[in-house]
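Peer 1: Order-wise, the sequence lines are chains V and A. The numbering used here numbers the first residue of the first sequence as 1 and each following residue consecutively. The numbering used here numbers the first residue of the second sequence as 1 and each following residue consecutively.
I should point out that these hints are in silico values taken from the structure, not numbers from a laboratory.
Simulated restraints, written as ranges between beta carbons of each label pair:
id, chain 1, residue 1, chain 2, residue 2, range
1, V, V93, A, V60, 48 to 56 Å
2, A, T66, V, K16, 46 to 54 Å
3, A, A125, V, A77, 48 to 56 Å
4, A, R150, V, A77, 36 to 44 Å
5, V, N8, A, D215, 25 to 33 Å
Just so it is clear, CB atoms sit at the ideal spot from N, CA and C, and this is done for glycine as well.
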Amino acid sequence: MPIDKSMNVLIVDDYKTMLRIIRNLLKQIDFNNVEEASDGAEALSKLRTSNFGLVISDWNMAPMTGLQLLQEVRADARLKATPFIMITAESKVENVVAAKQAGVSNYIVKPFNAETLRGKIEKVLGHA
Amino acid sequence: MPDIAIAARPANTALAEQLAVITERWPAAQPAMVAEVVQSVLATMRGDLTSVEAALLHEVAELGRTITTARAEIAALQVDDITASHIPSATDELDAIVGHTAAATESILEVCEMLDGMAATLDAAGAQALQDATTRIYEACSFQDITGQRITKVVATLKAIDSKVGHIIATFERKGAGATPPRPPPADISLLNGPQLPASAMDQHDIDKLLASFD
Numbered sequence: 001m002p003i004d005k006s007m008n009v010l011i012v013d014d015y016k017t018m019l020r021i022i023r024n025l026l027k028q029i030d031f032n033n034v035e036e037a038s039d040g041a042e043a044l045s046k047l048r049t050s051n052f053g054l055v056i057s058d059w060n061m062a063p064m065t066g067l068q069l070l071q072e073v074r075a076d077a078r079l080k081a082t083p084f085i086m087i088t089a090e091s092k093v094e095n096v097v098a099a100k101q102a103g104v105s106n107y108i109v110k111p112f113n114a115e116t117l118r119g120k121i122e123k124v125l126g127h128a
Numbered sequence: 001m002p003d004i005a006i007a008a009r010p011a012n013t014a015l016a017e018q019l020a021v022i023t024e025r026w027p028a029a030q031p032a033m034v035a036e037v038v039q040s041v042l043a044t045m046r047g048d049l050t051s052v053e054a055a056l057l058h059e060v061a062e063l064g065r066t067i068t069t070a071r072a073e074i075a076a077l078q079v080d081d082i083t084a085s086h087i088p089s090a091t092d093e094l095d096a097i098v099g100h101t102a103a104a105t106e107s108i109l110e111v112c113e114m115l116d117g118m119a120a121t122l123d124a125a126g127a128q129a130l131q132d133a134t135t136r137i138y139e140a141c142s143f144q145d146i147t148g149q150r151i152t153k154v155v156a157t158l159k160a161i162d163s164k165v166g167h168i169i170a171t172f173e174r175k176g177a178g179a180t181p182p183r184p185p186p187a188d189i190s191l192l193n194g195p196q197l198p199a200s201a202m203d204q205h206d207i208d209k210l211l212a213s214f215d
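Just chain V, with the same shape it has in the complex (with noise of 0.2 Å):
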């Protein structure tokens, strides 16, 4: 089934380069709808104001960490199929395992490459 690439992707970020970085690699895909939060809370808050096909998040941010926002997505009756891909520079077994039983549908350690994420941007929308 092909990607429909013209769907809304939430990037969440505290570090405004990361979320420019990230929108510039989604760009050369061909994702140019791009919605930026800079922490849990505000992406929670949009995500329940607007319609997104993926989230793709950052873990380490305050006050609301990525996988407390995963864990809110998870437990949202209209969120939860969400597909949530984390990149973090967290990298810890113990992080992976945590992500995974939060539900993420997909894991990426930082720093990665434009490859990496549309590699697991496919993989995740291709389950969706």
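With chain V fixed as given, assemble chain A onto it according to the hints.
Peer 2: What follows is chain A alone, placed relative to chain V:
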């Protein structure tokens, strides 16, 4: 009470010997005067002291002297400078590094976006080559996030040292704590460790294998 008499006899003998020594060294000293002084000293000790209590008093006095010495040594070290100047200065410098690298990265990204915009003016091969180049620049620019997180960890460590030193100073100066309570940590605080050192970090391949093991 014969038992008490037997027990008291050696003490009385010792007291008599002590009085004899005093009389020999200070002929003018009368036993009555000595007794009066002893009574006066004893009167300052409220209640009867057991040997254990006396030892405890001695330990407390030693502790007091140790604290006084420690206070003097801390004052000599001018530890106030650590919390008032050194650590704030170090954290400011590190914050400035994060700020400068963020500004530089923003500039690089801005130029990169301009280059991406020029792709439309090139033929297909040229546009692809340009995009490949800008992609590599975007990827490389993620260094700012990683270095920023590492520096943030160092700043947090410095602030923890600052807090501990401040607490020690406050304790020795007998000042009240009075510090603002910190914001409660997130529930997943134990999982927030930031970037791992390359030697101990899992790479994307390791993570992919771990994720696949759940399927």
